[in-house]
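To convert, count from 1 in the sequence shown and add 61; that's our numbering.
What you were told as hints is all true, and nothing was included just to trick you.
Straight-line alpha carbon distances no greater than 27 Å define the calculated DSS-like cross-link-like pairs of lysine-lysine that follow:
1) K121 x K314
2) K81 x K314
3) K150 x K168
4) K121 x K68
5) K81 x K150
6) K150 x K314
7) K68 x K94
8) K150 x K79
9) K79 x K94
10) K314 x K68
11) K121 x K81
12) K79 x K168
13) K79 x K68
Hints in this document: simulated from the structure, not taken from any laboratory.
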Amino acid sequence: MGRPSLKIDNQRLQELRKDKGLTQAGLASELCKRLGLEQDEDSRTVSYRRIEAQERTSRKRAEAIAQILDVTLAELEGIVPPDTGIYEKRILDLLAEQLRQENVVLKSALDEAHRDGSDSEDGLASMARSVARRIEAAQLARNPGELAELSQLTGLSEGEILEPAHVDGHWLVVASGPIYTRTELVLGTAGVMTLIPEIVGKLLDDFGSDGRIRMHRAPPWYRLEIEPLCGRFTTWIDFVRCLPDARGLRWLKPGWRDVFLLEEPLLTWARSAANFVTGFDGSPTPGDVRRLRLQVTEYNGEPGERISEQIV
Numbered sequence: 062m063g064r065p066s067l068k069i070d071n072q073r074l075q076e077l078r079k080d081k082g083l084t085q086a087g088l089a090s091e092l093c094k095r096l097g098l099e100q101d102e103d104s105r106t107v108s109y110r111r112i113e114a115q116e117r118t119s120r121k122r123a124e125a126i127a128q129i130l131d132v133t134l135a136e137l138e139g140i141v142p143p144d145t146g147i148y149e150k151r152i153l154d155l156l157a158e159q160l161r162q163e164n165v166v167l168k169s170a171l172d173e174a175h176r177d178g179s180d181s182e183d184g185l186a187s188m189a190r191s192v193a194r195r196i197e198a199a200q201l202a203r204n205p206g207e208l209a210e211l212s213q214l215t216g217l218s219e220g221e222i223l224e225p226a227h228v229d230g231h232w233l234v235v236a237s238g239p240i241y242t243r244t245e246l247v248l249g250t251a252g253v254m255t256l257i258p259e260i261v262g263k264l265l266d267d268f269g270s271d272g273r274i275r276m277h278r279a280p281p282w283y284r285l286e287i288e289p290l291c292g293r294f295t296t297w298i299d300f301v302r303c304l305p306d307a308r309g310l311r312w313l314k315p316g317w318r319d320v321f322l323l324e325e326p327l328l329t330w331a332r333s334a335a336n337f338v339t340g341f342d343g344s345p346t347p348g349d350v351r352r353l354r355l356q357v358t359e360y361n362g363e364p365g366e367r368i369s370e371q372i373v
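Can you make the complete structure from the sequences, with help from the hints?
Structure below.
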């Protein structure tokens, strides 16, 4: 039996290597140094090229490559997306270089943006954020006119524009049940947080708030189980971060930013939408229904003028 190997995202590996300014030979040299290997330049370069070509290597080598490129092993495997700021910084650096090369299309766009008197550095940063988001959207829509315009602004080829962009992230949301079905692609965690309450609101409004929401993780997917009071019209909402490419959509495990912007806000929202909630960690709210109490609040005509509170 051969040594166990780890699957590497070749496209992501090449992006990271180029972002570090390393050639294949350069990364091969760094890898041998880190692993304490003695190989001549040709041998180590051929060995590294084999990693990119086969998209597999040993865990030890993969961990060493991840350390050299200053990323997590999961990111090198393509399991989680890189941080949003990394891609935006890359586009900012690219636009700055295009200005130095006197890209007339970019200069004209910046001049138009500066007509309101905004600072040139702030204007370039704002332009970079806008272009990064346009690239991400174009990777899904693949509109030839938009790709051509982005190519003129950035100096990138169409193929380079279609290399994975990680800004807000695309999410696939699928709701299914006996009375309500819906499938949508939304942009960013904000899109998820807007769509899910819209779906659940329609369901719970018809049956009252004494329903139950159960939350599950099944990486890379999330699942919400919405059970109204009557118990006969359960709806399931599955959602996952995805990356468009030439073959369709590829599922991604959510990054730390996605988790931060989704899990706690979803739990807070669920507790306001239903009286019984089981969180992603399996903890129920309320923990013990026998200890529930009624809080009575007295107001002086206006909601903000509270007079007294009493627990019954």
